[in-house]
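There are 2 protein chains.
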Amino acid sequence: MSEVRTKAALAGVAARQMATLSTEEKNTALLAMADALNAEAASLIEANREDLERGRANGTSESLLDRLMLDEARIASIADALRLVADLPDPTGKVLETIQRPNALRIEKVSVPLGVIGIVYEARPNVTVDAAALCLKTGNAVVLRGGSAALSTNKRIAEVLRATLAQTALPAEALQVIEDASRASVDEMLKLNGLLDVIIPRGGRSLIDNVVQNATVPVIETGAGVCHTYIDASADATMAEEIAINAKVQRPSVCNSMETLIVHEDFAKHGLRQLANRLLEQKVELRGDKQTLAIVPEAKLATEEDYGTEYNDYILNVKIVSELDEATAHIAQFGTKHSECIVTENDENAVRFLNEVDAAAVYHNASTRFTDGFEFGFGAEIGISTQKLHARGPMGLPALTSSKYRIYGNGQVRK
Amino acid sequence: MSEVRTKAALAGVAARQMATLSTEEKNTALLAMADALNAEAASLIEANREDLERGRANGTSESLLDRLMLDEARIASIADALRLVADLPDPTGKVLETIQRPNALRIEKVSVPLGVIGIVYEARPNVTVDAAALCLKTGNAVVLRGGSAALSTNKRIAEVLRATLAQTALPAEALQVIEDASRASVDEMLKLNGLLDVIIPRGGRSLIDNVVQNATVPVIETGAGVCHTYIDASADATMAEEIAINAKVQRPSVCNSMETLIVHEDFAKHGLRQLANRLLEQKVELRGDKQTLAIVPEAKLATEEDYGTEYNDYILNVKIVSELDEATAHIAQFGTKHSECIVTENDENAVRFLNEVDAAAVYHNASTRFTDGFEFGFGAEIGISTQKLHARGPMGLPALTSSKYRIYGNGQVRK
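Protein chains in written order, with the UniProt record's numbering: chain D, 1 to 415; chain G, 1 to 415.
Misleading hints may appear alongside valid ones.
Simulated crosslink set (EDC-like; lysine to aspartate or glutamate; CA at most 20 Å straight-line) [to be verified]:
{"#": "1", "chain 1": "G", "residue 1": "109", "chain 2": "D", "residue 2": "356"}
{"#": "2", "chain 1": "D", "residue 1": "283", "chain 2": "D", "residue 2": "298"}
{"#": "3", "chain 1": "G", "residue 1": "94", "chain 2": "D", "residue 2": "209"}
{"#": "4", "chain 1": "G", "residue 1": "191", "chain 2": "D", "residue 2": "209"}
{"#": "5", "chain 1": "G", "residue 1": "191", "chain 2": "D", "residue 2": "298"}
Hint data in this document are derived by calculation from the structure and do not stem from the laboratory. Because the structure is a prediction, the values reported are computed rather than measured.
Work out the full structure: start from the sequences and follow the hints.
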């Protein structure tokens, strides 16, 4: 049997045990894992050095090496994050609904772990710990397949955490790290129906697309965001500027940042020039339609392709519209149903935008940058779901649960 | 553009409008659809005759022809079912959660339609109407791809219903029927990411497997049930017999019927012979392990493959175990996580079984035949989900909804 299949099967057995553990047992294990990471910082850094050296030899970019790098401070912060997960409420074992039937059957819908969760991600050691913690906290077993560039680090993390689990009520087999660094191990995971209950990709567009296109196991899709901010005719000019600037430049590299600014023509006349100036000051490259270029000649002409692109960079499309419907139609055509904002003082337009725009998060007078599990108060984030099944938008711990029906009878049979 | 892509795109535009309609507008349309089916019974029966004649010419079996056949009574019953859907509560537009953040952002999680739902099913005209009604009731647009053997009937149903919708507040384009009867039209639907939000297969194993194996669009998997009834040592003998008989023979062809009876050896000694007699009287073929054969020599020896088979027929596997753990391990190995039952007077064992067995529905002292949306009181059933994402077990109308976050601010930006 392949490594992937063997480890998924072991995780499956462990999952049955995980589902019966108490919140306290799980939290005790999470705290022990955090302590072990602190205590083993030196050996983790040593293993990480191997990855870094191999990466440098292979010509890996400095920014990727930085994502991969572990030092005392980063390990301490990863361990602290683990302790915060222990502090969160356990979403499993909750009676979500009770149905009393006329035939005296009592039906309880109860939240339960998903089972075995596969995580496919890039060379980020913090994801190894974070994903493991979130899965174990919710009573799941987890099969982690991280980027090959972090393999030595991930192997050492797995050794440390599994040795720790073995001293707790949790089965060590609930945490599996795939060491086969070939593409084949990912391909195999994607087809492991019956052994994996769900796969969650965490990473860039090509990683997510590969999972979505090839998985037969159910997937929670996360990620892509072509987000818009629409400044309505009646918008408060100062507020609109602040929200647009924040959505674009506060952290352009993330999925909830703005890629296209849509401006009502009435606002454009008196407000776009100054907003464009501030964006240009922030080194944002502007690409606009012809009407935009008439007001902001520094902008390049935007193509259809531009309007569909997630830049994750200091580039912004601008489009001028003559009515709300034109804005929502543009969003329907080019958006990725992630986060969309209207800035307006017109409540009727706000209600229409919030109802008619189909996206995980729709904002009235606030930056799209808030689409985030921590900003929503969830205390954790598995990712931001851009699909509509199961979970949509920022996912906290409940996104890692399913439900089951417990039915209590006294001999009922169906007539 | 292909028929599938064109119709899915039209459904997508209609879905935006559907999402803004009131419950009353949707219900009015559903009632009008029911009236139209009654009024057009003659033309529906005429179209259905074409399918039946083609089917007979092709040598279709009588049981399949019966599933396909429409007459006045069946059309009346389909129309009545539509009226019942109109009567159900609308699960969309509900505020599911409100979060008030320290920065004064107010976040509302609201239930919304999924968008465009693809249904792939067999030659059953009642599914065409039923699936359309459930999708429209929940504010979705629907793309229906039924079995080619029912094509004339489905085309006529679509004409009648779309003409009716055109006279209501609902867009006719919200209901699409694919007329391309080739396998290629199904294959195309399965890959329509961005145009279809979800695909639900309704039908037999090979249809479902094809969808699960080939879809890149998210799927709600329904169907397969290898369900067990475990009779514990302390079971009430009469109750155990009644539940086992009911689970096997009340309707063997459906997914929630029992395929394997697991019996504790203490119960087997005094109770299995009589239970076997009653099953044999009902023409149930028994396949058992060696211990079973010692008590019931009429049984054939069961193979590993038998224990994993969903017979949907008058065939039953029997297995004798010496403890609860052996029963739950067998279920974990061979079950499909659908419906599982323990018959016992021992509450501790009942609690353990209900917690440890991983299935959509776990029963204490009641027949697995109750796993059904109507029996659960949902008033409708989309299907029985056997996956763990989004919905698990019998799915009522809420399974056809997603959620979105509406965020209300007054200029908040992220620090």
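Against the structure, the hints come out as follows:
1. G/109 <-> D/356: holds, 15 Å
2. D/283 <-> D/298: holds, 12 Å
3. G/94 <-> D/209: violated, 32 Å
4. G/191 <-> D/209: holds, 13 Å
5. G/191 <-> D/298: violated, 41 Å
Comparing the model with each earlier hint shows violations of hints 3, 5; every other hint is respected.
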